[in-house]
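Peer 1: Here is how the chains run, residue by residue.
There are 4 protein chains.
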Amino acid sequence: MKLKALILNCTLKKSPAVSNTQALIDKAIGLFAEQDVQAESIRVVDHYIAFGVSSQKLDDRDEWPAILQKILAADVLVIGSPIWFGVRSSVAQLVMERLEGTYDEADPETWQFPLYGKVAGVVITGNEDGAHDVASNTLFNLSHLGCTVPPNVDSYIEAGGGKHLYTNKTVRFMVHNLTYMARLLKENPIPTNLRRLVEQAQEESR
Amino acid sequence: MKLKALILNCTLKKSPAVSNTQALIDKAIGLFAEQDVQAESIRVVDHYIAFGVSSQKLDDRDEWPAILQKILAADVLVIGSPIWFGVRSSVAQLVMERLEGTYDEADPETWQFPLYGKVAGVVITGNEDGAHDVASNTLFNLSHLGCTVPPNVDSYIEAGGGKHLYTNKTVRFMVHNLTYMARLLKENPIPTNLRRLVEQAQEESR
Amino acid sequence: MKLKALILNCTLKKSPAVSNTQALIDKAIGLFAEQDVQAESIRVVDHYIAFGVSSQKLDDRDEWPAILQKILAADVLVIGSPIWFGVRSSVAQLVMERLEGTYDEADPETWQFPLYGKVAGVVITGNEDGAHDVASNTLFNLSHLGCTVPPNVDSYIEAGGGKHLYTNKTVRFMVHNLTYMARLLKENPIPTNLRRLVEQAQEESR
Amino acid sequence: MKLKALILNCTLKKSPAVSNTQALIDKAIGLFAEQDVQAESIRVVDHYIAFGVSSQKLDDRDEWPAILQKILAADVLVIGSPIWFGVRSSVAQLVMERLEGTYDEADPETWQFPLYGKVAGVVITGNEDGAHDVASNTLFNLSHLGCTVPPNVDSYIEAGGGKHLYTNKTVRFMVHNLTYMARLLKENPIPTNLRRLVEQAQEESR
Numbered sequence: 162m163k164l165k166a167l168i169l170n171c172t173l174k175k176s177p178a179v180s181n182t183q184a185l186i187d188k189a190i191g192l193f194a195e196q197d198v199q200a201e202s203i204r205v206v207d208h209y210i211a212f213g214v215s216s217q218k219l220d221d222r223d224e225w226p227a228i229l230q231k232i233l234a235a236d237v238l239v240i241g242s243p244i245w246f247g248v249r250s251s252v253a254q255l256v257m258e259r260l261e262g263t264y265d266e267a268d269p270e271t272w273q274f275p276l277y278g279k280v281a282g283v284v285i286t287g288n289e290d291g292a293h294d295v296a297s298n299t300l301f302n303l304s305h306l307g308c309t310v311p312p313n314v315d316s317y318i319e320a321g322g323g324k325h326l327y328t329n330k331t332v333r334f335m336v337h338n339l340t341y342m343a344r345l346l347k348e349n350p351i352p353t354n355l356r357r358l359v360e361q362a363q364e365e366s367r
Numbered sequence: 162m163k164l165k166a167l168i169l170n171c172t173l174k175k176s177p178a179v180s181n182t183q184a185l186i187d188k189a190i191g192l193f194a195e196q197d198v199q200a201e202s203i204r205v206v207d208h209y210i211a212f213g214v215s216s217q218k219l220d221d222r223d224e225w226p227a228i229l230q231k232i233l234a235a236d237v238l239v240i241g242s243p244i245w246f247g248v249r250s251s252v253a254q255l256v257m258e259r260l261e262g263t264y265d266e267a268d269p270e271t272w273q274f275p276l277y278g279k280v281a282g283v284v285i286t287g288n289e290d291g292a293h294d295v296a297s298n299t300l301f302n303l304s305h306l307g308c309t310v311p312p313n314v315d316s317y318i319e320a321g322g323g324k325h326l327y328t329n330k331t332v333r334f335m336v337h338n339l340t341y342m343a344r345l346l347k348e349n350p351i352p353t354n355l356r357r358l359v360e361q362a363q364e365e366s367r
Numbered sequence: 162m163k164l165k166a167l168i169l170n171c172t173l174k175k176s177p178a179v180s181n182t183q184a185l186i187d188k189a190i191g192l193f194a195e196q197d198v199q200a201e202s203i204r205v206v207d208h209y210i211a212f213g214v215s216s217q218k219l220d221d222r223d224e225w226p227a228i229l230q231k232i233l234a235a236d237v238l239v240i241g242s243p244i245w246f247g248v249r250s251s252v253a254q255l256v257m258e259r260l261e262g263t264y265d266e267a268d269p270e271t272w273q274f275p276l277y278g279k280v281a282g283v284v285i286t287g288n289e290d291g292a293h294d295v296a297s298n299t300l301f302n303l304s305h306l307g308c309t310v311p312p313n314v315d316s317y318i319e320a321g322g323g324k325h326l327y328t329n330k331t332v333r334f335m336v337h338n339l340t341y342m343a344r345l346l347k348e349n350p351i352p353t354n355l356r357r358l359v360e361q362a363q364e365e366s367r
Numbered sequence: 162m163k164l165k166a167l168i169l170n171c172t173l174k175k176s177p178a179v180s181n182t183q184a185l186i187d188k189a190i191g192l193f194a195e196q197d198v199q200a201e202s203i204r205v206v207d208h209y210i211a212f213g214v215s216s217q218k219l220d221d222r223d224e225w226p227a228i229l230q231k232i233l234a235a236d237v238l239v240i241g242s243p244i245w246f247g248v249r250s251s252v253a254q255l256v257m258e259r260l261e262g263t264y265d266e267a268d269p270e271t272w273q274f275p276l277y278g279k280v281a282g283v284v285i286t287g288n289e290d291g292a293h294d295v296a297s298n299t300l301f302n303l304s305h306l307g308c309t310v311p312p313n314v315d316s317y318i319e320a321g322g323g324k325h326l327y328t329n330k331t332v333r334f335m336v337h338n339l340t341y342m343a344r345l346l347k348e349n350p351i352p353t354n355l356r357r358l359v360e361q362a363q364e365e366s367r
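Residue numbers (the working numbering), protein chains in the order written: chain A, 162 to 367; chain B, 162 to 367; chain C, 162 to 367; chain D, 162 to 367.
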């Protein structure tokens, strides 16, 4: 079964404006293809997504549920974000807020969240300092939601186009480690029964 | 072969002062034992560690090399830190700084860093707000050094002793997911040849 | 001349949904009135603001320019934000991104940015850990834009309604210190000629 | 009365090793002198400071109380820190932890903390990404302790020596704004009676 990767481009610029983040994402998609992973990207700002923390359709125009379906169908999830004022973009934050909704949709048996078993990475566009903060917050959030974070899965491109070698290196590390780990977890799903562990904790806290 | 876990308690308080962080660490050690993982902890502040960013013995009294040996021998690495001023403790930061030295000791063949193949978690003591920042920075640093971060591996204890159920829950999630992933990676080491990927990137950047 | 304060409520919830952040903001408005400061709040999510990093009207419906006018007319600027996933809300980030546009509108003589001379504070609603990160990032961003940050200007309310005394204390510290500093700066505007300093730096770097 | 500035160099390298941070600090000291401010720096790692969160002498060799005396005698406090792993240095964190002790030494009448009335800035040495995080955390911590943060008081030097113009510009902005604000606050001390505000909050929370 072919692995699937989804890369969410959280640039502030709507198509067809040039997105530096997209340039790096396209490179990642090509490298995923070499690893026999079917990758696609969504430019989130081209869609209307309502503000909120739920997986449900929040108003008539809200396109989140369709994007969430794509996320749930993927084995690899990559968030691509520029840095603005040292922090991930408002579009990336909006995506993370909507993903909070998945906490409420745990598996009835194991209580694992829907993102359990997926692997996560980030693509950062460096308009300014803050890559570390964007990457660490975003990967930590995704690990809370159930994703596994392999080593060296933060790739980076400078807005101005500098550090070319660094970009080419980090995107390769990212694609290779995400692919390996996704395949490993697909064949060996995390068996943790969170429900039973919660019950044990409740017993102990009584 | 039995898995080994090492938990570094980065409290500011020397023995025999009571450390809230240690209480949670001891619980984790017990839970690791149930999973057939041999866990031990080191109270870092009881040792003298020189300031610096190298793996070498930096002065006559520097005990870092001995601690590093224990880290390298472990399959699971957990950093335990209180929060001070919203940031991980100076002792935890000192440990991370010394771990920068391992970047210089990559495998001559694959260029993988020495911490590749290990899994990482954190134990946070909440004197105040900042658990998110301490966990995300520390796990991200460890993933940069080569560790894999499974889902839900940040456990948390309130300094005052509140949120008992939350603590008991998070420490169980952490121990179970770290153990599963450590076993999986021990049997299926990450094969990524970073050296070859760097060479490809150099070629492309020429 | 009466001082003016503007508080931007960056909750994700549109009116008329109950906003915890608004409850604390209303308290702050009352306390500002006692200090003879005319305060008002805007619930940003009730308005449509386009994504971007410019002060200009970015599309037909974009309401940012009107909000920016209110910001520029105020002496005190307070950002109110809930915490989601340890980070300020997407609405707060969107506001900060649009404020990047003011960098391009420096005074032609002194090169001071339009927010020079204002004072800044934050109101945080604690759904979860992360108040420290939201406050520090937001206040630092505002100081970069030209605002002065007096001591103890981060007020905090727990989503669940706990820590009542802490909230009542921090909101008072915030209002009193913001008011004192705003009055002081209004009477004693920061005279720094950034343009001349840049020219000196250019000379030295030649 | 001549203003005093104290700059704490929190490099990890003991004298006489070359410290990039010190180079920028020396430039700041010269610029302060031009503004008639008497500035000096302390290279903290040359002194032994015990781990802890108290202002008291914690063991026989602990030199913190002498450093704290210098801090208390200064009108301007600047923390100079390199970035390691995206976070301020362990030496800088150690300094901040010890400053927590000043919370316990509030003025008996007004309950203002000992750092009230001072102004704060930072000098960051960029070995890597993370300047934003180091500056925002450190300035926010200092504002909590009582310091006022004027606009544009984070100066930055690249470890490798690049961005020369940016460094020369930011250090000038920092010195001029710190000096102006320190003089203003010395002549117009913040009058806020925190004690009375706490009593009002207690009354309201009853």
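Mixed in with the good hints, there may be bad ones.
Copies of the same chain look alike in the list, so a pair counts if it works inside one copy or between any two.
To be verified - Calculated cross-link-like contacts (lysine-lysine; reagent style DSBU-like; alpha-carbon spacing at most 30 Å):
1) Lys324 - Lys347
2) Lys324 - Lys218
3) Lys218 - Lys231
4) Lys175 - Lys188
5) Lys347 - Lys165
6) Lys175 - Lys218
7) Lys218 - Lys174
These are computed hints drawn from the structure, not numbers from a lab.
Peer 1: Should Lys347 paired with Lys165 be assigned to within, between, both, or neither, using CA atoms and 30 Å as the limit?
Peer 2: both (11 Å within a copy, 25 Å between copies)
Peer 1: Evaluate Lys175 and Lys218 at a C-alpha cut-off of 30 Å and name the case that applies: within, between, both or neither.
Peer 2: both (22 Å within a copy, 15 Å between copies)
Peer 1: For Lys324 and Lys347, with the copy left unspecified, which applies at a CA distance of at most 30 Å: within, between, both, or neither?
Peer 2: neither (34 Å within a copy, 34 Å between copies)
Peer 1: 30 Å Cα cut-off: does Lys218 pair with Lys174 within a copy, between copies, both or neither?
Peer 2: Both, since 24 Å and 15 Å are each at most 30 Å.
Peer 1: Checking an output row: Lys324 and Lys218, CA cutoff 30 Å. Within, between, both or neither?
Peer 2: Answer is neither; intra-copy 41 Å and inter-copy 33 Å both fail.
Peer 1: When Cα atoms must be at most 30 Å apart, do Lys218 and Lys231 count as within-copy, between-copy, both, or neither?
Peer 2: For Lys218 and Lys231, the Cα distance is within 30 Å only inside one copy (15 Å; across copies 33 Å).
Peer 1: Within a copy, between copies, both or neither: which one fits Lys175 and Lys188 at a CA-CA cutoff of 30 Å?
Peer 2: within (20 Å within a copy, 39 Å between copies)
Consistency with the previously given hints fails for numbers 1 and 2, ordered from lowest to highest.
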